[in-house]
Every structure is written in C-alpha cells, then in structure tokens.
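So the protein lines, in turn, are chains A and B. If you're matching positions, the first sequence starts at 524 in the numbering used here and goes up one per residue. If you're matching positions, the second sequence starts at 524 in the numbering used here and goes up one per residue.
Read the hints as simulated data drawn from the structure, not as lab findings. Don't take each hint at face value.
Identical chains blur together in the list; that is why a pair holds if it fits in one copy or across any two.
[Unchecked claim] DSS-like mimics (lysine-lysine), calculated; alpha carbons at most 27 angstroms apart, straight line:
no.: 1; residue 1: Lys596; residue 2: Lys863
no.: 2; residue 1: Lys841; residue 2: Lys654
no.: 3; residue 1: Lys761; residue 2: Lys732
no.: 4; residue 1: Lys732; residue 2: Lys596
Since the structure is predicted, the reported quantities are computational estimates derived from the model, not experimental observations.
Protein chains: 2
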Amino acid sequence: MVNFYIGNSNVVTAIPNDKKPKFFSFGIPTYTNLGDQAVSWAQKRYIENEFPEYEFIEILEEDTEAAIKEIQKVIQPPDIVSFVGGGNMGSLYLDHEIARRRVFESFTDNLTISFPQSIHFEENQHGEIEKKKSQEAYEKNPNLYLVARDAQSYHRMQQTFKNHVLFTPDMVLYLQPKTFNEGRSGALFVFRQDSEKVVDDQLISSLKKVLDNGKRSIEQTDTVLDTVDRITPESRRKLFKDELELFSNQEIVITDRWHAMVFSVLTGTPCLLFGNSYGKGKHAYFDWLEHIDWIDYTDEDDLERLTPQIKHLLTLTKHPYDVRNDFNQLDKLIENHSKKFSINR
Amino acid sequence: MVNFYIGNSNVVTAIPNDKKPKFFSFGIPTYTNLGDQAVSWAQKRYIENEFPEYEFIEILEEDTEAAIKEIQKVIQPPDIVSFVGGGNMGSLYLDHEIARRRVFESFTDNLTISFPQSIHFEENQHGEIEKKKSQEAYEKNPNLYLVARDAQSYHRMQQTFKNHVLFTPDMVLYLQPKTFNEGRSGALFVFRQDSEKVVDDQLISSLKKVLDNGKRSIEQTDTVLDTVDRITPESRRKLFKDELELFSNQEIVITDRWHAMVFSVLTGTPCLLFGNSYGKGKHAYFDWLEHIDWIDYTDEDDLERLTPQIKHLLTLTKHPYDVRNDFNQLDKLIENHSKKFSINR
C-alpha cells in the first residue's frame, strides 16, 4: 500500500480518479535534513501557486517502486512526472540516484522534470560506473528535462547526459522572504558533519572567538535535525518555519551549508558561507545571490582576513531582492505543456 | 549602398534572391578589439558548420540603419535575424546598444537571436534611463531570444527584460582548440586601458618581476590592436590566427581581458585572469572553465599569495576539454525553427 500526499493534510492510498491532470512529485525525503525538506516544500508551493490546474501528488522516496507500479496503471498523457530537487544527483548519495533512475526510465512517454539539482559524479572507477548507469536510465526518456541549480552543474549535466537541460535557482529561493526581524542576538554556526565537509574545526573555533563579545550567545548546530527521527510532508512545514524563526533571531550565521545561506537570505540574516568538497554552494552563490548585500561566500582560511569580512557583514542593511524571474525556463516548460494538452489555466 | 558579407570573400550590395533561408548577422564590428572580432568570426563558424541550410549574411554595425531598410523589403518568415555577441549589452557602450535596439525592434515577426552577451546597466540615473529605452525596444519583439554568456548576466537579463533568455558560453569557446605548441618562451601581459580596468599598474610591474628570470622575455600588449585602423570580415580571420599564434608561443599569459583567457584556453597557454569593473570574466570563468587546469581566476592583490599561484600554473599539463555541448539551448532553438518551417537539414 502506497501513501499519496495531496494538498496540506490529505494522505490517500488510491490516486484520485478525477479529470484534473496530475503532477506526480517523486523522491520526497523523510530524513531530517531541513535543507532537503525545504526543497520539497518549496516545489509544492511553486506548482500549487503557479500551476493550480494540476493536482500535485507527492510520493515518499521509500515508496518509489510501489508507487511506480500504481501510477503506471492510471497515468495519462497530460500528467507530469517529477523527481525532487536538491544537491544529490551523482555518485555520492546512491539511494537517491537509484530512485531517480527508476522514475526517469519508468515514465518515458510523459513530460518528466528533474527539479533543480547540483550534480557530482566522483572522478574514479566507482563514479564512472555509476555515471554510466545513470546515463543509460536517463537517456531512455526523451521527454526528460534536467534542471541545474548552478552553472557548474548546468555544464556538467550537458557533458554527462543527452537530455534537455534547463537552468534555474534552487527551488527554496522561490519562497518569498519573511518580514525581517529587527531584534536579534547571537551568532549561529551551522556546519556539516558529512563527507562534503572541508572547513577545519580549529578555524571554526577561532571564528567563534572573533564573534564572542561576552554578550553574544554563540551556538553551533546543523540543518540536519537530531531531535526527530523522521519528517513527512505533514510535519515538514512546521519544522521549516521553526528553523526560519531560529535564523531570523540571529545577528549572523556562519556556515558551510548552502541551505543555511538560503535560510539567511529568506530571513535577512547576515551570513558567511564556506565551501564544501565540490563547490555546490559557491557556484549557486555567485550565480544567483552575489547581488544580495548581507550574505557573502569565502574560500579563505586566514583568520586575519576573515575577521574584517565578518565584522563588515554585521553592518550591512537589508534591501529588496527578487530571483523569481530566474525560474522562467521552468515556467515556460510547464506552460507549453499545458498549452499542448489544452489544459485550462 | 550597403555591403553584405557572405561566405569567406564575397561582398555584395544586393541580398541574394535565392530560395535559401537567410541568417542575418547584424552588429559586426570594424573596430580593432580582437576579442570582439573573434566573437563575430566564431558565430559565423557556428552557423555555417551547424546550420548550413541557412545563408549566413553579415552586416557591419556602421551599416545598421541602411541594412534594416534593405532587409525589410525582402525578409521572409523562415529568415532569422541576429545581433552579435560580446560583452557590451547595457549602458557602457551606447553605440552598440543603440544599434542593437534598432535591430530588435525592426524585425518583430522573425526569430531574433541576441548572440551570447554579458550585460551591465550602471546603477545611476544614466543607467536607468538607458535601461528603460532598451526594455521598450526589446519588448516590442515577442520572437526575441536573449542569450547570456554567464550566470550573472542570465540573472540580470531575466530581471531586466520580459524576453526569453537562454544560457550558453561565449561563442569563441565554440572554436576547437589548436594543437598545443610545445616550444614556448616568454610571458605576455594583456591589460585593458579602458573604463573597466581595476588592476593596479604597480601590481602589474611586480608580477613582471616575479616572472623575469633573466631569460624569459616579458612583454605587455592588449587584445585591442593599434597596428591597424579597421578590421572587416575580410581581414579578421588572419589577424585572429596571428593572435592565437602569439599566445601559443607564450609560457604564460597574465591578463584582465576575458578573451585573452579564451585565447589561452584555445592555445593551451597557462593564464591567470584578473577581474574587471563588473565581473564579466570572473563569472564566465567559474561558469564554464573552472575545470580546465591551466587557467585560473583571481581577485587577489597580495603579491605573496599571487607568486605561488603563478608558479603553479607554469607546471600544469594539458588535458582534453570540451564545452561544445553547452551550446545546446541555442542549437535547439534554431533546430526547432528549421523544423517549424520544414527547412531541409
């Protein structure tokens, strides 16, 4: 039995048998990385706001195989299939890559969208083997559109796959910013503990000392929660809102997590982003966010150079920004599909 | 009387009255910037190689008005109109921007392509006024596709214009690399003398001292020639080939010119690129070329940090690279147009 998530609180076990075309959203995470949870929340908001003519139906990644079978029985030509965005296309997170291949090769007659991703196949034998498997699966589907969320990934996807490739920001940047909080205290350090980590722990300690003025609370956390075991479409919204609340109370965020920078953008929180092992945050920052004053990216490891940079970020004022138009290529793809099938908008 | 440039050596004053659909290429430069000359040469190669079903016809920028009148008399629906690529969309180079507006607003029923550009409207009253004029002109043309050559420009074009925006590299990167020269001597400094210059002359002098080992010739030049007054489609190819020959003889190139980095890529010449006033080279480097070992970008002005970076570049070996697939969005646009008009390929 498969759970299909529809709207804000409906969990059904049978796909609705109505006339509305369906937008199937595969790969929805249940693990506790709030960045990935925010991505799945944001793409739901995007489709429901911009394309209400579709019935948006989410499928947990753990249900991929069972859901493919159910959906294959009922899918119609106007229906759209999609796989969740994020930063996990490639050989580093094989569970996700395997689910993604299965979806792409199972619905080759339907418009299939890979929501904005970054991509990294390791340059070794393991990476090459997995790359070939993905190429074989993706290229079975002539209606598959890959969306890259940074220019490096756009280049890599076009080098790797024969599929169509579009270019938009990470879906979380579709969300509108909160009203910015004026009363703030504290500095939040958000650092990953996984294989992508490159920032030295000693540097992190030194940066804490730079920001510790005796009055400011200095805390460290990660956007991967350890307070819950599992997150579903029913619980993700509140946890995401709580996280934005946490960010909006900080004077500054220091991080190596791309989505911690995105949460800082949405909450108007000064933020310095360090790199990961293959540049996914760096590229996305320079592609979409360099014009936003209160955030910055660095590869620096010299404390004497970092100190003035951090102090400067604390002084910057907020300004309006908008990256909504940068989703145009995705908008047009879905609009043209609706037109082709005369779906009323 | 207007000169129309067709093929490699034909200059005609009447548009050929044959059945072949035309690809009109406006804005061809006669000034002596070899980067811009290389762009116009490369887009001719691209269309003639990839889309030989079209008759490629070039029009000098100085002939824009007269040519618009001539072409309006004979243009057919399958014909394509285009304006040359480069790094001059915006308020800094108004001659070009004015010609571009005139072309875009004059052929609103034809597929119109703005070849890969970077864009910069100054953030002041002058910039705002010019931006409005461009918006009005561009938006008269629903068949206009702007192509951005870096992600910053892709974002800016989508914020500025309602037109379609595609994303590809600079056209010069379409050209195939030369066989790399093994016998090299000398260091070439290529620096701009215009309003985009930001690198300090004293730093340039210091870098020359770093590379001067008593045996190595150290020369400074610019990709803007002062040895000729004017370049046309008849003379540009030889001058461009001579420039590539010059680059291919160097051990290293130090520059703040984006196209000097591109020439270094094509000739396998180690190259360090510094920034200009608004980041056009920086973004294009990170978007398309970061994976090429023998070139690098820097914003650094500390000689102690630059010295090892330059010495490291001198040791790097060549490897194959290919950005050809990154032109896919442009390929598909023209392919679909040919299909729509049943033009035999």
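Hint-by-hint comparison with the structure:
| no. | hint | in the structure |
| --- | --- | --- |
| 1 | Lys596 - Lys863 | within (23 angstroms within a copy, 35 angstroms between copies) |
| 2 | Lys841 - Lys654 | between (42 angstroms within a copy, 24 angstroms between copies) |
| 3 | Lys761 - Lys732 | neither (33 angstroms within a copy, 60 angstroms between copies) |
| 4 | Lys732 - Lys596 | neither (60 angstroms within a copy, 73 angstroms between copies) |
Checked against the numbered hints above, the structure violates hints 3, 4; every other hint is satisfied.
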